[in-house]
Structures are given as structure tokens and as C-alpha cells.
Amino acid sequence: MTEMKKTTIVLFSGDYDKAMAAYIIANGAAAYDHEVTIFHTFWGLNALRKDEQIPLKKGFMEKMFGKMMPRGADKMGLSKMNFAGFGPKMIKDIMKKHNAMPLSQLIEMAQEQDVKLVACTMTMDLLGLQQEELLDNIEYAGVAAYLADAEEGNVNLFI
Amino acid sequence: MTEMKKTTIVLFSGDYDKAMAAYIIANGAAAYDHEVTIFHTFWGLNALRKDEQIPLKKGFMEKMFGKMMPRGADKMGLSKMNFAGFGPKMIKDIMKKHNAMPLSQLIEMAQEQDVKLVACTMTMDLLGLQQEELLDNIEYAGVAAYLADAEEGNVNLFI
Amino acid sequence: MTEMKKTTIVLFSGDYDKAMAAYIIANGAAAYDHEVTIFHTFWGLNALRKDEQIPLKKGFMEKMFGKMMPRGADKMGLSKMNFAGFGPKMIKDIMKKHNAMPLSQLIEMAQEQDVKLVACTMTMDLLGLQQEELLDNIEYAGVAAYLADAEEGNVNLFI
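Residue numbers (the working numbering), protein chains in the order written: chain A, 1 to 159; chain B, 1 to 159; chain C, 1 to 159.
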């Protein structure tokens with residue numbers, strides 16, 4: 001029995017287009033039988049947020065971050081040509097026309113393919129994000145767990 | 001006979017400076033006898049556009065994207081200190097003064113060194129880019145081909 | 001005796017948050033006994049600048065770049081939610097509250113753990129940065145040295 005190839009992606013970016021690229025590569029690698037991990041850190045955590053507001057006790061700064069950061073995949077902006085939020089709508093219209101999956105579906109597909117979705121606990125703490133605010137079936141870990149996966153990885157990317 | 005080392009780069013970014021970094025690393029690796037692939041996706045495709053306008057039948061959205069996105073290496077902006085287009089001019093002046101190669105020459109050099117330049121067909125489709133608009137001697141492929149290269153890669157980067 | 005695992009990071013970005021991510025991963029990898037190299041290129045060089053002004057003979061363009069680019073870790077902005085400089089202050093306040101290390105301390109920690117900090121000589125030349133302006137105990141090298149490290153690397157990232 002040969003060992004499975006491994007792909008790890010650090011998703012640092014909170015941009016819709018970069019998160020799409022991360023999830024397209026992850027889903028592709030999972031389809032090729034790689035063990036795939038996406039480690040969501042800093043703004044990349046926003047891709048894992050539920051889109052409703054969850055009432056939680058938070059300090060002032062954590063509340064502000066919570067309000068200012070996009071709640072989930074559908075609220076994220078583009079890294080280029082965002083045009084005050086018009087860009088993402090254009091991209092999503094075009095994607096619909098071409099039957100391409102929007103980010104929220106790419107994330108669902110990744111979960112169905114057993115891509116391991118990890119939320120960085122250190123950044124959650126800094127940004128005041130709590131587990132209740134994130135999607136279900138997420139793992140919680142720190143940089144040590146990421147490195148343990150990555151040092152065995154065939155493809156390791158930072159996005 | 002030992003196997004050749006492999007380097008793969010996903011060029012996602014449409015920034016002049018990031019594309020320069022990608023091509024400098026690619027040319028360096030090719031000089032060290034690596035097999036090198038640059039997989040151009042999303043805004044990174046702009047580096048491969050010809051600088052003239054090619055008359056093609058396109059839908060409204062595709063036309064708009066085509067107009068708004070930079071046509072080729074020389075039209076791209078900087079990721080930092082772009083200053084409404086003044087930044088790239090500054091950088092290019094400085095590069096000239098130091099006899100550093102501009103991006104368009106770095107791309108030519110990569111082609112001469114047999115760096116495999118790949119355009120992501122999925123993104124071309126989304127952004128409405130057609131083969132006639134891109135440089136000659138480009139390969140066309142999807143994420144599966146990228147992953148096949150990357151899983152054998154010694155150095156895999158996402159830029 | 002087993003060979004040490006290797007991690008290499010190209011730090012291209014001049015953003016405070018991205019540099020933090022780079023140094024957190026580097027320090028984590030060093031704690032796991034990896035040989036770690038951070039190759040600072042383009043705007044990533046700013047993380048290595050001393051915070052005082054060093055009087056040096058420079059051309060006009062080099063002087064302008066020197067003035068416009070942030071002098072050292074504490075002056076860098078955020079990749080997201082920078083809010084004209086208010087964002088970094090918010091992040092630093094939150095980090096203090098959570099006893100997280102600011103970037104300048106992460107860099108010191110990396111030096112104590114023998115992470116190899118390299119400044120890209122080609123970019124220093126372009127941006128007119130001189131060794132006197134950078135932190136002590138930095139190595140100076142080009143893309144060839146980076147590739148020699150990276151081709152042996154288990155984890156290679158571009159940030």
C-alpha cells in the first residue's frame with residue numbers, strides 16, 4: 001500500500017478570489033486522493049464564519065472586529081477590481097453564467113471530500129472569534145499542528 | 001542519470017512586482033536545471049496578454065473585464081506604492097538605471113529557457129479571455145495538470 | 001543521525017500581518033528543530049530596517065523610496081483594514097491585551113532561535129537600501145542561494 005500524498009494550504013487571505021483559488025486547488029487535490037488540509041488564519045477565518053450574527057459576550061474591540069469583518073464566504077471582497085463591492089457581484093454573475101461553483105459551494109464540496117478545515121486558534125483569540133460563529137465540522141488547532149501536516153506535504157501553499 | 005528537480009509556481013497575482021518575483025525565481029530555477037512551470041490563474045493571466053487589442057466576439061461582461069484588466073506585463077500595477085500608476089514608472093526607471101530586466105524581458109527569457117508557461121483554462125473562460133489574446137507558445141490546462149506537476153515538485157509556490 | 005527538516009519562506013510582502021504570519025511559522029518550525037530561512041525580498045525588506053534614519057549618500061529615487069517605505073517592523077501597515085494606520089494600532093492593542101508578541105519581538109525571537117534572516121541583494125540594490133540601514137546579523141544573498149535552500153526544503157512558502 002503506497003502512502004497518500006498530502007497537500008496543505010494556509011489560507012491567510014480574506015479575499016473571495018484567493019479563497020476560491022485555495023478551495024479549487026484543495027478540491028482538485030482531494031479528487032486525486034491527496035490528504036488535504038486548509039489551515040485558516042488571520043482574514044482567512046472569515047471564509048468559515050456563519051452568515052448570521054451570533055449573540056455572544058465580547059469586549060469592545062472584539063465586537064468591532066466582528067462587525068467590520070465579512071460574515072462568511074458570500075460577504076468577502078475581491079483582491080483586485082473590487083469596485084466598492086460591485087466586483088464580487090460581477091464575478092458571481094459570470095460564475096453563474098458559466099455554471100462555476102461559488103465559494104460557499106466549494107467549501108461544502110471540500111467538507112464532503114473530507115478536506116480537513118482547520119481554524120487557527122491563536123488568530124481566533126486575537127480577533128475575538130468564537131467556535132459558535134464558525135461553520136460546523138471545523139477543527140481547531142495552532143501553528144504546531146499545521147507544521148506537523150506541512151512537513152509531510154508534497155504540495156504546501158500560502159494563499 | 002538523476003531525476004531533474006522541479007519548481008512550480010501558481011501566479012495568481014496581477015501585480016507587476018509579484019509577477020517579477022515569480023519570473024525571477026522561475027528563471028533562477030531554470031538556470032539551475034529545474035523543470036519549471038508557471039501556472040497563470042485569475043489576475044496572473046494578465047501577464048500573458050498581448051498588448052494590442054484583438055477584435056473578438058464577446059459578451060458584455062467579458063468585454064468589460066477585457067477592457068478593465070491590464071493588457072500585458074507592461075500595463076500591470078504594483079502591489080504597494082502604486083500611486084495611481086506613478087509607482088510602476090518609478091520602478092521601471094530604477095530598473096533601467098540598474099540594468100535590471102523589465103517583466104516583459106523576464107517572460108521572454110523564461111520562454112527561451114523552456115519554462116512551461118500555462119494559462120488556466122477555467123479562469124480564461126470566466127474572464128472571457130481567448131487564446132488569440134495571449135502570447136504565443138503558451139500551454140492551456142486546468143488545475144489537474146497543475147497538481148500533477150506540483151505533487152512531484154521540490155519547490156511549489158503560490159504568488 | 002537523521003537529517004534536519006528544512007523550512008524556507010520568501011517574505012515578499014511589506015504588510016505587518018503577513019510578516020507576523022511568516023515569523024510565527026518560522027519560529028514554530030525552528031522550535032520543531034527545522035532549519036529555517038526567511039528570504040526577505042521587495043517590500044519584505046522593510047521588516048529588517050532599523051527604525052532610525054541612517055545618513056547615507058543616495059540618489060534622488062533611492063532617497064524617495066527610503067522615505068516612503070516604512071522603517072522597520074513597527075511602522076508597517078496591515079494588508080486588510082489598515083484604516084489609514086488605525087488598523088495596526090488596533091491589532092497591536094489587541095495583541096498586547098492577549099500577551100501576543102509584536103512583530104519586532106517575533107524577529108528577535110527568530111534571531112535567538114538561529115532562523116537565518118536573508119536580505120535579497122538584488123532588491124536592496126533596486127530600492128537603494130544599504131546594509132547600514134538593516135538590522136545586525138542579517139545575511140545577504142540572491143535568488144540562487146534561496147533556491148539552493150528551497151530545493152531541499154520540506155516546507156517552502158511565498159508570503
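Simulated from the structure, these hints should not be mistaken for lab results. Hints are not guaranteed to be accurate.
Put simply, identical chains are the same to the list, so a pair is met inside one copy or across any two.
As a list, the in silico SDA-like pairs of lysine to any residue whose alpha-carbon atoms are at most 20 Å apart [claimed, not checked]:
no.	residue 1	residue 2
1	Lys97	Asp74
2	Lys5	Lys75
3	Lys92	Leu127
4	Lys89	Ala144
5	Lys89	Leu127
6	Lys6	Glu133
7	Lys6	Pro55
8	Lys50	Met90
9	Lys96	Phe60
10	Lys6	Asp74
11	Lys57	Gln131
12	Lys6	Asn154
13	Lys96	Asp136
14	Lys96	Lys116
Since the model is a prediction, treat every value here as computed from it, not as a measurement.
Original post:
When no copy is specified for Lys6 and Asn154, does a C-alpha distance of 20 Å or less occur within a copy, between copies, both, or neither?
Top reply: Both ways: Lys6 and Asn154 sit 5 Å apart in one copy and 12 Å across, limit 20 Å.
Original post:
How would you label the pair Lys89, Ala144 (within, between, both, or neither) given a Cα cut-off of 20 Å?
Top reply: For Lys89 and Ala144, neither the intra-copy (37 Å) nor the inter-copy (27 Å) Cα distance is at most 20 Å.
Subject >> Same-copy or cross-copy closeness of Lys92 to Leu127 [CA-CA at most 20 Å] >> reply: between (28 Å within a copy, 11 Å between copies)
Original post:
With identical chains treated as interchangeable, where does the CA-CA distance between Lys6 and Glu133 reach 20 Å or less: within a copy, between copies, both, or neither?
Top reply: Neither. Shortest intra-copy (29 Å) and inter-copy (36 Å) distances fail the 20 Å Cα cut-off.
**OP:** Measure nothing new, just compare the shortest in-copy and cross-copy C-alpha distances for Lys50 and Met90 to 20 Å and report within, between, both or neither.
**Re:** neither (23 Å within a copy, 24 Å between copies)
Subject >> Same-copy or cross-copy closeness of Lys97 to Asp74 [CA-CA at most 20 Å] >> reply: within (17 Å within a copy, 31 Å between copies)
Original post:
Given identical chains, is Lys5 near Lys75, meaning Cα to Cα at most 20 Å, within a copy, between copies, both, or neither?
Top reply: Cα proximity of Lys5 and Lys75: none, with 33 Å in one copy and 39 Å across.
Original post:
When no copy is specified for Lys57 and Gln131, does a C-alpha distance of 20 Å or less occur within a copy, between copies, both, or neither?
Top reply: Within one copy only: 13 Å inside, 49 Å across.
Original post:
Is the C-alpha distance from Lys89 to Leu127 at most 20 Å within one copy, between copies, in both cases, or in neither?
Top reply: between (27 Å within a copy, 14 Å between copies)
Original post:
Given identical chains, is Lys96 near Lys116, meaning Cα to Cα at most 20 Å, within a copy, between copies, both, or neither?
Top reply: neither (27 Å within a copy, 31 Å between copies)
**OP:** Up to 20 Å between alpha-carbons, please classify Lys6 paired with Pro55: within, between, both or neither.
**Re:** Result: close neither inside a copy nor across copies, 38 Å intra and 44 Å inter.
Original post:
Using 20 Å as the alpha-carbon threshold, which applies to Lys6 and Asp74: within, between, both, or neither?
Top reply: neither (28 Å within a copy, 36 Å between copies)
Of the numbered hints given earlier, the model fails hints 2, 4, 6, 7, 8, 10, 13 and 14; all others are met.
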